[in-house]
Amino acid sequence: MPEKTVQNLDEVTIRFAGDSGDGMQLTGTQFTNTTAILGNDLSTLPDYPAEIRAPAGTLFGVSGFQIHFGSTEINTPGDQCDVLVAMNAAALKVNLGSLIDGGTIIANTEGFNDKNLKLAGYTSNPLTDGSLDKYRLYAVDITKLTALALQDMNLSSKLVDRSKNFFALGMMYWMYNRPMEPTIEWIKNKFANKPEIKEANLRVLKAGWNYGETTEIFSVRYEVGPAKLPPGRYRNITGNQALAWGLMAAAKKAKLDLFLGSYPITPASDVLHELSLYKNFSVKTFQAEDEIAGITSALGASFGGALGVTTTSGPGVALKTEAIGLAVMVELPLVICNIQRGGPSTGLPTKTEQADLLQALYGRNGEAPVPVIAAATPADCFDAAFEASRIALKYMTPVFCLSDGYLGNGSEPWLIPDFNELPDISPKFRTEKEGFFPYLRDDKTLSRPWAIPGTPGLEHRIGGLEKQHITGNVNYEPQNHDFMVRLRAEKVERIANDIPLAQVEGDASGDVLVVGWGGTYGAIKSAVTRHRQRGNSVSHLHLRWLNPMPKNVGEILYKFKHVVVPELNLGQLIKVLRAKFLVPAVGLNKVQGLPFKAIEIENKIDEILKGK
Amino acid sequence: MPEKTVQNLDEVTIRFAGDSGDGMQLTGTQFTNTTAILGNDLSTLPDYPAEIRAPAGTLFGVSGFQIHFGSTEINTPGDQCDVLVAMNAAALKVNLGSLIDGGTIIANTEGFNDKNLKLAGYTSNPLTDGSLDKYRLYAVDITKLTALALQDMNLSSKLVDRSKNFFALGMMYWMYNRPMEPTIEWIKNKFANKPEIKEANLRVLKAGWNYGETTEIFSVRYEVGPAKLPPGRYRNITGNQALAWGLMAAAKKAKLDLFLGSYPITPASDVLHELSLYKNFSVKTFQAEDEIAGITSALGASFGGALGVTTTSGPGVALKTEAIGLAVMVELPLVICNIQRGGPSTGLPTKTEQADLLQALYGRNGEAPVPVIAAATPADCFDAAFEASRIALKYMTPVFCLSDGYLGNGSEPWLIPDFNELPDISPKFRTEKEGFFPYLRDDKTLSRPWAIPGTPGLEHRIGGLEKQHITGNVNYEPQNHDFMVRLRAEKVERIANDIPLAQVEGDASGDVLVVGWGGTYGAIKSAVTRHRQRGNSVSHLHLRWLNPMPKNVGEILYKFKHVVVPELNLGQLIKVLRAKFLVPAVGLNKVQGLPFKAIEIENKIDEILKGK
Amino acid sequence: MSTLVEEILKAAPPASDQKMTAKDFQSDQDVRWCPGCGDYSILAQTQRVMPDVGIPRHQMVFISGIGCSSRFPYYMNTYGFHGIHGRATAIASGLKMARPDLSVWVVTGDGDGLSIGGNHMIHILRRNLDINILLFNNQIYGLTKGQYSPTSEKGKITKSTPYGSLDYPFNPAALALGSSATFVARTLDRDPKHMQYTIKRAAEHKGTSFVEIYQNCNVFNDGAFFQFTEKDTKDDSVVFLEHGKPLVFGKEKDKGIRLNGFSPEVVSLKDGKWSVNDLLVHNEKDTTLSFILADMTYKPGIPRPVGIFLAIDRPVYEEEMARQIAFAKEKRGEGDMVKLLNSGDTWVVQ
Amino acid sequence: MSTLVEEILKAAPPASDQKMTAKDFQSDQDVRWCPGCGDYSILAQTQRVMPDVGIPRHQMVFISGIGCSSRFPYYMNTYGFHGIHGRATAIASGLKMARPDLSVWVVTGDGDGLSIGGNHMIHILRRNLDINILLFNNQIYGLTKGQYSPTSEKGKITKSTPYGSLDYPFNPAALALGSSATFVARTLDRDPKHMQYTIKRAAEHKGTSFVEIYQNCNVFNDGAFFQFTEKDTKDDSVVFLEHGKPLVFGKEKDKGIRLNGFSPEVVSLKDGKWSVNDLLVHNEKDTTLSFILADMTYKPGIPRPVGIFLAIDRPVYEEEMARQIAFAKEKRGEGDMVKLLNSGDTWVVQ
Ligand SMILES: Cc1ncc(C[n+]2csc(CCOP(=O)(O)OP(=O)(O)O)c2C)c(N)n1
Ligand SMILES: Cc1ncc(C[n+]2csc(CCOP(=O)(O)OP(=O)(O)O)c2C)c(N)n1
Ligand code: SF4
Ligand code: SF4
Ligand SMILES: [Mg+2]
Ligand SMILES: [Mg+2]
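Protein chains in written order, with my numbering: chain A, 1 to 612; chain Y, 1 to 612; chain G, 1 to 350; chain W, 1 to 350.
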């Protein structure tokens with residue numbers, strides 16, 4: 001065996017791509033988990049079609065999973081990929097554009113047979129016609145090699161074919177020098193009751209590794225050392241899982257049961273799935289008949305003293321807006337999670353976007369202010385959900401917690417928080433009869449008492465009609481209405497006293513301030529960092545709280561010559577900033593169902609710097 | 001009989017008030033119609049409780065109807081009233097605050113018996129305890145006088161009691177020198193099948209008139225001459241009726257059938273009621289099972305080549321937002337009328353407010369731009385509805401047409417438009433097979449072709465998933481999505497080329513510009529006029545189109561030192577203006593379920609002028 | 001239930017022995033229905049029955065949507081939630097799942113519960129949460145001043161249908177049965193005794209109880225049910241369903257209902273041709289029979305069936321949910337966040 | 001109909017005499033269901049039946065909500081509208097009212113049509129518009145990757161119910177009947193002949209036709225109906241309802257269903273105790289019987305009823321609407337805007 005060269009890399013981006021039936025999401029997830037355990041920093045981008053299992057070989061059926069990992073800090077899933085694993089011609093066609101010049105292609109030759117080429121719209125085979133000359137191309141007959149590895153097992157050809165992703169995974173493990181053990185363990189667990197499949201997958205995984213090890217095709221292996229992350233215990237986590245856990249943690253710290261009323265919708269369903277696993281945490285999950293029943297059941301549960309939560313995506317929020325207004329009026333805690341996706345309407349259900357901010361802020365009839373918080377990274381979904389719950393309970397209000405498809409499905413290493421260090425956020429249920437009025441308010445927070453059914457002597461009635469101040473009786477008086485409308489607004493405004501001031505990353509004043517919110521955090525951070533490394537006067541302001549905003553936002557904005565607001569929409573936060581602070585902010589807008597590439601933001605900043 | 005003095009007045013405001021069972025709305029409407037026929041300019045404000053028929057004599061059961069009429073231009077229902085007709089103690093209690101000092105009270109003494117006084121919370125009888133000394137008080141035993149008039153008819157006491165509002169009406173007709181004929185005609189028609197009631201009402205009406213004529217209680221009569229309105233034929237019309245007729249006129253001028261899919265809700269139901277009368281106009285009205293079915297059925301009808309319309313109020317819009325997004329995506333004409341009411345949530349269902357503007361502009365998931373137009377006065381609802389329909393048909397888009405409870409229920413004299421002069425707005429259905437693509441666009445309007453089922457060869461499919469440019473096929477490509485999102489926004493933006501430039505009332509530049517939208521038009525106009533009469537540099541900009549705005553709005557704003565935006569909300573249009581034009585506009589906000597008084601705006605302008 | 005909620009419940013003083021009275025269930029709010037409205041009787045009967053139900057006030061919750069009927073909770077001196085239009089059943093479902101210890105009541109109208117709220121209605125019925133639903137059917141939209149409702153008779157002239165309505169009305173009992181309800185009943189605002197009995201039975205039923213109450217709206221639909229409630233017509237127009245008893249009706253109890261094939265028909269018990277033994281005998285436990293009886297509702301010539309159509313047992317949703325939770329705790333132990341956070345693949349960075 | 005629409009329709013060339021074929025109903029769009037999905041068969045049968053329905057393609061509209069099933073309209077070479085989740089029946093209702101001349105079809109799923117869309121479903125059924133509804137029941141949410149649906153059997157383990165679902169499933173036929181539907185049928189994806197027959201009958205029915213189609217989702221709920229569709233079990237597990245015929249089933253046609261009281265029971269025709277004459281005889285026109293048959297659906301030991309439960313005539317909504325319009329025109333004359341604007345009290349200012 002010839003000795004293979006080992007090359008050290010700071011960071012790599014790999015994209016696995018194949019048919020939606022090819023198991024690319026699984027392959028990517030396995031590679032991610034193993035990479036996480038090795039201590040790399042990482043960020044992932046699953047990218048799958050709206051069809052469940054589109055006909056094999058078609059362009060629209062291609063499913064991809066990108067992982068960016070390194071020994072340095074990783075903030076995005078990578079603007080372009082260094083390695084493209086293409087299980088068929090369509091996968092190559094769809095993804096070649098994202099491969100860097102000189103990048104590596106690992107292609108499954110069987111996926112480039114005549115039928116596949118035709119389906120992908122190739123007139124000649126790119127693996128052989130020289131069109132890929134500028135890349136490092138490895139054509140491997142993965143299908144055949146998989147079949148060979150399983151030759152003596154007498155499996156159906158369907159089963160054989162289903163294993164081939166493990167061959168690709170094995171190869172990549174070998175190439176990037178990752179241990180196979182975690183995946184071996186996983187296979188053993190997952191297929192414990194299906195010994196044949198277990199055996200097949202294990203064999204094929206190892207065959208892939210051995211293929212790298214023994215053949216002479218690959219001349220180099222790569223080494224990506226662990227990242228210098230803050231010390232502590234880590235795990236890899238997706239945004240949706242982190243969100244679910246954040247809600248559970250909040251319920252525990254509030255000493256309340258968690259009640260989720262939800263209706264399945266991509267990309268939010270996984271939160272429902274995750275939460276429904278934890279019945280031993282007293283989590284109650286209710287798959288309702290629709291979104292309206294999802295939220296109203298959660299509100300009913302809140303009335304009873306639970307932490308009521310509803311999870312959905314944009315079209316689902318549309319249906320919930322009437323009930324959100326009700327929650328504003330009855331002043332009960334409620335957390336509304338929107339895992340945003342491409343819109344409008346059904347739009348691009350499996351793609352990401354952040355175009356529901358204005359809906360969260362303003363999408364209700366009447367003056368119905370609702371606090372809005374947005375998560376910045378997959379792991380941050382935990383904190384955002386916890387914080388949303390804290391505010392909901394303390395201020396007796398519905399709270400929007402915004403995430404998006406990119407955050408929800410993406411993952412990153414997460415420094416596991418010390419649960420015992422999280423604050424106690426348990427509410428004080430009212431029990432004292434003396435002086436009880438359902439709309440008598442706390443002087444500081446302006447929140448009303450939470451008196452739950454079952455408490456003797458506090459029988460009272462709430463509802464969606466305007467309430468009289470203090471008594472909570474139905475009241476139509478003009479002055480009372482005006483007063484109550486302003487009181488509800490003031491209550492939400494006061495939350496600004498209870499959240500941290502905004503922190504600028506970079507200098508506190510200068511040429512350009514890039515303001516972002518939500519899932520664009522990583523890309524903006526990368527772009528700003530690069531500019532600062534280039535010596536430019538560029539800073540980054542990330543807004544976690546969109547309503548109310550931290551008290552110092554105006555101050556910060558006024559200290560920069562230019563304010564630029566990159567958003568995955570046509571300009572939503574920017575509207576709020578301009579209206580509130582009258583700053584001539586400019587937008588950078590992309591609405592492609594994809595996250596920003598850092599380079600896109602970097603370029604925009606360059607433009608602004610040049611124009612000044 | 002002593003000769004009565006006749007006094008000439010330029011304008012008067014009268015408020016009829018009584019129990020919700022007392023027929024005050026009817027009395028007010030009759031007085032209004034008669035006054036309109038006399039050629040006065042006028043404006044009305046019905047104000048009724050949320051309960052159908054609250055227990056007699058209670059404060060919350062008081063129903064009021066205010067009419068402001070004159071020989072001068074009348075823009076509002078009057079800041080205060082000159083005459084208060086109070087059928088009982090509660091009616092006095094609730095409405096006394098709106099009576100000018102020295103104003104006239106006509107009180108039904110029977111309504112001030114012990115029970116009524118107690119229900120109204122009076123400890124002594126205000127009719128006799130001197131507390132009304134600063135007013136001109138006429139205590140009339142209307143109940144008894146009514147009974148006397150019907151003495152020989154042997155009617156049930158319930159029926160007798162129900163007639164007493166006609167006594168009050170008769171008195172007021174006498175006092176303001178109005179003919180009884182129109183009401184007599186109306187009674188004859190309305191109760192044609194109930195001869196007893198007809199007879200009773202006629203008698204009591206005349207008895208009321210005679211009471212004024214013959215007794216010595218009233219020493220003066222008033223004369224309010226006709227207003228100098230532009231020449232032509234007039235009628236009195238409420239906003240909801242005008243809206244309905246505007247939609248019907250649009251359908252006729254479009255050569256389409258009108259289809260209304262709606263669900264009853266206060267204060268929009270009357271539009272449904274009105275339209276359901278005109279089956280001989282081929283108007284199809286469908287009372288759906290809920291708001292969602294209301295709008296989606298209208299969209300289905302549009303697909304079939306009807307002018308699809310849905311009418312509702314804020315909470316109903318909340319339920320329709322998902323479908324509005326669908327309409328944006330499938331690009332079919334659809335008119336969505338929101339007769340706004342007090343919110344949030346169920347709020348104050350019978351009161352007015354204009355707090356649904358941001359909902360109309362932004363209340364959807366994804367980037368889903370929808371044109372928004374708002375009516376300024378009751379009669380203007382006709383034009384607004386017509387214009388909304390024109391834009392919907394020409395640009396193949398859903399359009400919001402905003403009205404509110406004050407406009408919808410209020411009325412004014414209306415110069416009847418010459419129907420034949422209204423523009424032809426008929427769409428061109430696509431029939432040509434050659435070169436047909438469902439999303440191929442008109443170069444100028446960017447609207448897509450309307451090809452209705454039944455057209456041979458144009459079979460095609462639409463839906464809520466992102467469409468490929470031109471072909472309309474489902475498409476998930478990043479670039480196409482970005483393109484289409486911007487295209488839909490651009491289509492709406494281009495409507496600005498097709499609407500009149502905004503006109504300033506008053507000088508084109510100066511100290512203060514008051515910017516308003518919707519039903520505040522009259523109050524702002526009055527306030528600005530008064531300031532101009534006082535020689536102040538104050539102008540008025542009314543925005544009829546809120547999205548897109550006329551192209552010259554920015555230009556206009558920049559020409560004034562101060563911009564003030566009065567709104568019946570906590571500041572919605574002002575957010576848009578500040579974000580768009582970065583002008584330091586200030587708001588004047590009132591959220592009391594009531595329209596502005598001109599004086600409130602006048603005072604605010606004074607404040608600004610003083611502060612400058 | 002959560003520790004905090006449990007604390008509250010534990011801290012509550014023991015229920016007093018003194019029996020409550022109807023008055024205890026009257027709140028301090030002014031009742032704001034129109035004078036003469038049938039809702040008053042329903043309120044009175046409910047308040048009268050509640051003491052017998054035997055659950056203390058503070059453990060009762062009345063939840064409603066929007067409509068005249070939906071003002072009901074304000075008048076009950078219990079916990080109450082006046083929701084949004086059509087969603088009372090969904091709000092109630094969430095509350096009951098969170099708090100199975102509470103006695104949860106839904107008050108709704110024919111518009112609220114069957115028009116905009118129809119979907120939540122059919123779903124709560126199949127799920128069978130232990131919630132009692134009182135549907136005030138006045139065959140009209142009262143609060144919005146008189147449009148026709150999903151139970152209005154066809155051809156009805158209302159503000160929104162000046163030429164007459166076109167929709168075939170729902171038969172609420174049949175709809176409930178078609179939704180696999182476990183308790184379905186019909187009663188009358190003007191028959192206080194029957195209403196009290198029916199409400200009591202609904203309260204006793206473990207599972208969702210669906211009670212349709214014919215209610216007179218004297219302002220917008222006066223007399224809609226007079227045939228079934230007024231002295232001179234009711235005996236011949238109504239057949240009361242009593243478990244185990246044959247379907248006899250008429251002032252002199254001289255008429256009955258038998259099945260001819262599958263079609264119910266009225267027979268006279270006087271002319272010797274038929275006897276009580278030939279009649280249909282009611283059985284609350286028979287789902288098939290319940291459909292046959294519900295289907296009689298709009299049949300011309302057949303008296304209106306009133307009473308309990310069906311009362312069967314089926315597992316109760318929130319109890320099964322609680323059982324799953326108990327099972328999970330038994331199997332996996334009480335959930336531990338620290339363990340969960342550190343479960344699976346983790347690694348340590350020094 | 002409006003002048004403009006009428007012009008279009010008049011301008012259309014006369015329908016050609018040439019009979020169409022299934023191929024004429026295939027659109028140019030790639031079919032994107034999973035290989036093996038039961039939806040393929042439903043698509044094929046529908047396309048096969050359409051030529052016999054005898055309505056030209058351009059007068060047909062397929063409308064759907066959201067779900068795998070709801071992709072159906074893209075594959076039909078007719079007009080189509082892929083709506084939003086649960087609202088297909090409402091969109092279709094509006095279209096049909098506006099354009100009674102069109103043949104309108106709704107394609108929906110058990111989630112789309114019975115979960116989020118349940119309300120519109122029950123209301124369209126009582127209204128009885130002349131619309132044909134094909135409900136693909138795979139007892140699962142396919143498109144969102146496998147959560148349980150309102151027709152999933154209780155205890156079902158899915159992504160959202162790892163401990164098993166708690167809801168008692170809808171019986172779609174009973175729900176439809178409870179909603180006063182006029183045409184209710186059930187058929188099977190794997191019985192092309194029966195499906196073709198059923199779809200044809202649905203097309204012929206004047207009024208809303210509700211057709212439940214058992215459909216295999218081989219990815220998330222494989223084999224849910226195999227008992228009723230696969231060779232070795234189907235004969236003993238399914239009883240086909242045929243108008244006027246006794247309920248016989250079994251491979252050797254040696255079993256039947258009779259009523260014992262009101263309870264259906266399986267009897268053997270071999271042991272001499274019972275003969276065909278003792279069996280329940282199907283009658284599509286009998287509403288009461290239709291309930292009895294639908295109620296058999298989940299009864300243990302009873303074969304699954306498949307076929308047309310009910311097919312009765314009742315006035316059709318959009319026709320009555322058209323009739324009111326014609327009546328109004330006759331009575332008041334064609335509406336004249338000029339007259340209307342100037343009607344009532346008007347006055348002239350000089
Ligand atoms: C979302 C929404 N749509 C419509 C309404 C208006 N609305 C209030 S009550 C009601 C119908 C009431 O009818 P029903 O439920 O029969 O109650 P009733 O008044 O007859 O007791 C309607 C349409 C509303 N409040 N909210
Ligand atoms: C408002 C809204 N809520 C939720 C969804 C997500 N969603 C799409 S299809 C579907 C269920 C599909 O199930 P079914 O109707 O049974 O169709 P199938 O895929 O099984 O054919 C759901 C929940 C959505 N698109 N829109
Ligand atoms: S409108 Fe009818 S239902 Fe409503 S309170 Fe009055 S009488 Fe009762
Ligand atoms: S997921 Fe199921 S229902 Fe959907 S296409 Fe695939 S097999 Fe068919
Ligand atoms: Mg009602
Ligand atoms: Mg399904």
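Check before you lean on any hint, since a few could be wrong.
Claimed, not checked - BS3-like cross-link-like pairs, simulated, lysine-lysine; straight-line CA separation at most 27 Å:
1. A:K255 x G:K23
2. A:K604 x Y:K394
3. A:K158 x A:K228
4. G:K10 x A:K433
5. Y:K188 x W:K339
6. Y:K580 x A:K561
7. G:K206 x W:K299
8. Y:K118 x G:K193
9. A:K559 x Y:K597
10. Y:K190 x W:K299
11. G:K10 x A:K428
12. G:K329 x W:K339
In short, the hints are calculated from the structure, not lab data.
All values derive from a computational prediction rather than experimental measurement.
Proposed proximity, K339 of chain W with K188 of chain Y (alpha carbon, max 27 Å): 22 Å, holds
Pairwise hint evaluation, K428 of chain A against K10 of chain G, where the allowed Cα distance is 27 Å at most: 15 Å, holds
Restraint check for K255 of chain A with K23 of chain G, where alpha carbons must lie at most 27 Å apart: 37 Å, violated
Proposed proximity, K561 of chain A with K580 of chain Y (alpha carbon, max 27 Å): Holds, at roughly 19 Å.
K604 of chain A paired with K394 of chain Y [C-alpha distance capped at 27 Å]: Judged against 27 Å, a Cα distance of about 37 Å means the pair is violated.
Proposed proximity, K193 of chain G with K118 of chain Y (alpha carbon, max 27 Å): Measuring from Cα to Cα gives roughly 36 Å; hence the hint is violated.
27 Å limit on alpha-carbon distance, applied to hinted pair K190 of chain Y and K299 of chain W: 59 Å, violated
K329 of chain G paired with K339 of chain W [C-alpha distance capped at 27 Å]: At roughly 76 Å apart (the allowed maximum being 27 Å), K339 of chain W and K329 of chain G break the hint.
Holds or violated: K10 of chain G to K433 of chain A, with C-alpha atoms at most 27 Å apart: 16 Å, holds
Distance restraint between K158 of chain A and K228 of chain A, which requires alpha-carbon spacing of 27 Å or less: It is violated: about 44 Å lies between the C-alpha atoms, which goes past 27 Å.
Given hint K299 of chain W paired with K206 of chain G - CA-CA distance at most 27 Å: 22 Å, holds
Given pair status - K597 of chain Y, K559 of chain A, alpha carbons within 27 Å: Violated. K559 of chain A to K597 of chain Y sits at ~42 Å, over the 27 Å cutoff.
Checked against the numbered hints above, the structure violates hints 1, 2, 3, 8, 9, 10 and 12; every other hint is satisfied.
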